[in-house]
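Trainee: So the chains spell out like this:
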Amino acid sequence: MSSTFDTIANIIAETCDIPRDSITPDSHAINDLGIDSLDFLDIAFAIDKAFGIKLPLEQWTQEVNDGKATTDQYFVLKNLSARIDELVAAKGA
Amino acid sequence: MRLEYFQLIDRIVDLNLADRKISSEATVPTASTIFEGHFPGYPLMPGVLLIEAMAQTSGWLVVALNRFERMPFLAAVKEAKLRTFVTPGQKLAITAHLEHDGSGYAITAAKIKCGGKLICDATLTLRVLDFPNAEMGRQMRETAGRIGLQVEAPVNG
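Residue numbers (numbering that gives the first Met the number 0), protein chains in the order written: chain S, 0 to 92; chain V, 0 to 156.
Hints were generated in silico from the structure; no laboratory data involved. All values derive from a computational prediction rather than experimental measurement. It cannot be assumed that every hint is accurate.
[Stated by the list, open to error] Under 7 Å between C-beta atoms, here's a sample of chain S residues computed to sit facing chain V: (1) Phe44; (2) Ala49; (3) Ile52; (4) Lys53; (5) Leu54; (6) Pro55; (7) Asp84; (8) Val87.
[To be verified] With a straight-line Cα cutoff of 25 Å, these simulated DSS-like cross-link-like pairs (lysine-lysine) come out: (9) V:Lys20 / S:Lys48; (10) V:Lys112 / S:Lys53; (11) V:Lys80 / S:Lys53; (12) V:Lys77 / S:Lys48.
No residue lacks a Cβ here, since even glycine has one placed at the ideal position from N, Cα and C.
When you get a sec, could you build the whole thing from the sequences and use the hints?
Mentor: Listed below in structure tokens is the structure:
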């Protein structure tokens with residue numbers, strides 16, 4: 000999990016010009032780091048490339064809009080890392 | 000080009016869905032009110048319209064790949080380089096390649112050449128959303144037919 004988190008944190012720091020040491024596993028990408036939806040597309044692109052996956056952003060957004068999930072489940076970085084690990088594992092299965 | 004309608008593409012020259020590439024062409028009109036202001040006595044095709052031509056070509060590629068199911072909207076322009084002046088009457092060859100097909104977005108690399116010479120290029124981000132209404136989808140298919148984009152579209156899309 001830590002390597003996945005480190006990769007994400009580095010991507011966010013570089014993409015959004017946010018100090019790396021201010022990004023923690025408990026950071027919420029939107030609420031704490033102030034990343035907007037357009038910047039998050041850049042992050043998603045970098046994550047997709049780095050891990051060889053396709054983050055299901057539209058599905059996640061729909062689940063949040065439908066009240067079936069909270070933004071914390073997908074945008075708190077430790078949770079995002081877990082989702083990415085699941086996607087990577089599913090790809091290799 | 001029909002600048003007054005913001006239609007920057009004259010014709011789709013080639014579409015390769017397997018390689019996720021498209022080529023289009025457009026001729027800068029010899030006369031337009033745009034050239035009265037840009038610039039008086041020295042008409043130049045505005046760089047933002049060259050970027051728009053790359054965005055529209057990229058958009059047709061994305062629309063073709065999703066078979067008119069969804070609509071791309073320009074969201075970001077990166078690394079845009081406008082390398083030389085473009086003047087009225089010049090014929091442009093525009094290409095775009097889908098670099099990444101994301102969830103709800105697409106990244107393309109686009110270029111314009113004139114007389115074989117690269118004149119501008121950019122990396123574009125397009126948001127890909129459901130058509131806001133059926134009329135827009137119908138209009139897009141109609142325009143696609145006019146410019147020679149041949150893709151099988153859903154009957155009820």
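Trainee: Each of the hints needs a verdict: does it hold here or not?
Mentor: Hint by hint, here is what the structure shows:
The criterion of a C-beta within 7 Å of any C-beta in chain V is met by Phe44 of chain S, whose closest approach is roughly 6 Å, and the hint holds. Taken as an interface hint, Ala49 of chain S does not check out: its beta carbon lies about 12 Å from the nearest beta carbon of chain V, beyond 7 Å. The closest approach between the C-beta of Ile52 of chain S and any C-beta of chain V is roughly 10 Å, which is over the 7 Å cut-off, so the hint fails. Because the beta carbon of Lys53 of chain S sits about 6 Å from the nearest beta carbon in chain V, less than 7 Å, this interface hint is met.
Interface restraint check for Leu54 of chain S: the shortest CB-CB distance to chain V comes to about 6 Å, inside 7 Å, so the restraint holds. The restraint placing Pro55 of chain S at the interface with chain V holds, with a minimum CB-CB distance near 5 Å, inside the 7 Å limit. With a cut of 7 Å, the hint placing Asp84 of chain S at the interface with chain V is violated, because the nearest CB-to-CB distance is about 18 Å. Interface hint at Val87 of chain S: violated, since its Cβ lies 16 Å from the closest Cβ of chain V, which is beyond the 7 Å cut-off.
With a C-alpha separation of about 20 Å, the suggested pairing of Lys20 of chain V with Lys48 of chain S holds against the 25 Å cut-off. Using a Cα cut-off of 25 Å, the hinted pair Lys112 of chain V and Lys53 of chain S is violated, with the two alpha carbons roughly 32 Å apart. For the given pair, Lys80 of chain V sits about 29 Å from Lys53 of chain S by alpha-carbon distance, which is inconsistent with the 25 Å threshold. Only pairs whose Cα atoms come within 25 Å are accepted, and Lys77 of chain V paired with Lys48 of chain S is accepted, the gap being roughly 17 Å.
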